[in-house]
Amino acid sequence: MDAAVKKALDTALANWAAMGKASQEEAEGTADGFEASFYAFVDTFREWVNRLKPRPQTMEQLLALPEVSELTERLPAPLYLNFETEAEFILEHVIRDEEDKYD
Numbered sequence: 036m037d038a039a040v041k042k043a044l045d046t047a048l049a050n051w052a053a054m055g056k057a058s059q060e061e062a063e064g065t066a067d068g069f070e071a072s073f074y075a076f077v078d079t080f081r082e083w084v085n086r087l088k089p090r091p092q093t094m095e096q097l098l099a100l101p102e103v104s105e106l107t108e109r110l111p112a113p114l115y116l117n118f119e120t121e122a123e124f125i126l127e128h129v130i131r132d133e134e135d136k137y138d
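Quick note, my numbering runs 35 ahead of the 1-based positions in the sequence shown.
Derived from the structure by calculation, the hints contain no laboratory data. From a predicted model like this one, the values you see are computed outputs, not experimental measurements. Honestly, I wouldn't trust all of these hints.
Unchecked claim - Here are the simulated BS3-like pairs of lysine-lysine, each with C-alpha atoms no more than 30 Å apart in a straight line:
| id | residue 1 | residue 2 |
| --- | --- | --- |
| 1 | Lys88 | Lys41 |
| 2 | Lys56 | Lys41 |
| 3 | Lys88 | Lys56 |
| 4 | Lys56 | Lys42 |
Claimed, not checked - Computed spacing ranges between beta-carbons, pair by pair:
| id | residue 1 | residue 2 | range |
| --- | --- | --- | --- |
| 5 | Ala75 | Leu116 | 33 to 43 Å |
| 6 | His128 | Leu98 | 41 to 51 Å |
| 7 | Val129 | Lys41 | 22 to 32 Å |
| 8 | Thr107 | Glu70 | 18 to 28 Å |
| 9 | Ala99 | Gly55 | 45 to 55 Å |
| 10 | Thr120 | Ala66 | 36 to 46 Å |
| 11 | Gln92 | Lys56 | 31 to 41 Å |
| 12 | Ala57 | Gln96 | 34 to 44 Å |
| 13 | Glu61 | Gln92 | 35 to 45 Å |
By construction, the Cβ of each residue, glycine as well, lies at the ideal position given by its N, Cα and C atoms.
With these hints in hand, go ahead and build the complete structure from the sequences.
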């Protein structure tokens, strides 16, 4: 797996775990931290996908890549669904506005 993608994924997963352990007082801050780190991961993943030669054109091609398989195996089910949505956007060359990312 690409080092930058791995680092961004590790950060997002650590923030996901922290969010699950946060007290009520910490909940909003940890949720915001997770959300920001997840979309930083998505942006890093997008850059990696866009550098691939040949670039995958379908979700099947993307998910069949060993690096992506390794990545998706680490994602909890709720994050996998979000990742899959973002991966579809990447393949379609759609970049969401900042405010749309967090809806």
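Handout entry: Consistency of beta-carbon spacing, Lys41 to Val129, with hint 22 to 32 Å
Key = For Val129 and Lys41 the Cβ distance comes to about 24 Å; the hint holds.
Practice task
Evaluate the given range 31 to 41 Å for the C-beta pair formed by Gln92 and Lys56.
Solution key: holds, 40 Å
Problem - Hinted pair Lys88 and Lys41, Cα distance within 30 Å - result: Satisfied, since the Cα-Cα distance of roughly 20 Å is no more than 30 Å.
Practice task
Return holds or violated for the Cβ distance of His128 and Leu98 against the range 41 to 51 Å.
Solution key: Distance hint for His128, Leu98 is violated at roughly 18 Å.
Practice task
With respect to the beta-carbon atoms only, verify the hint that Ala99 and Gly55 lie 45 to 55 Å apart.
Solution key: At roughly 31 Å between Cβ atoms, Gly55 and Ala99 fall outside 45 to 55 Å, so the hint is violated.
Practice task
Check the following: the C-beta atoms of Ala57 and Gln96 are separated by a distance inside 34 to 44 Å.
Solution key: holds, 38 Å
Exercise for the section: Starting from the range 36 to 46 Å, see whether the pair Thr120 and Ala66 falls in it by beta-carbon distance. Expected result: Roughly 18 Å apart at Cβ, these two residues miss the hinted range, so it is violated.
Handout entry: Outcome of range test on Cβ distance (Thr107, Glu70; 18 to 28 Å)
Key = This hint holds: roughly 20 Å between Cβ atoms.
Practice task
Could you grab the alpha-carbon distance between Lys56 and Lys41 and see if it respects the 30 Å cut-off?
Solution key: holds, 23 Å
Practice task
Measure nothing beyond the straight line between the CA atoms of Lys88 and Lys56; if it is 30 Å or shorter, mark the hint as holding.
Solution key: violated, 40 Å
Practice task
Could you say whether the range 33 to 43 Å given as a hint is met by the Cβ separation of Ala75 and Leu116?
Solution key: violated, 19 Å
Exercise for the section: Measure nothing beyond the straight line between the CA atoms of Lys56 and Lys42; if it is 30 Å or shorter, mark the hint as holding. Expected result: holds, 21 Å
Checked against the numbered hints given earlier, the structure breaks hints 3, 5, 6, 9 and 10 and satisfies all the rest.
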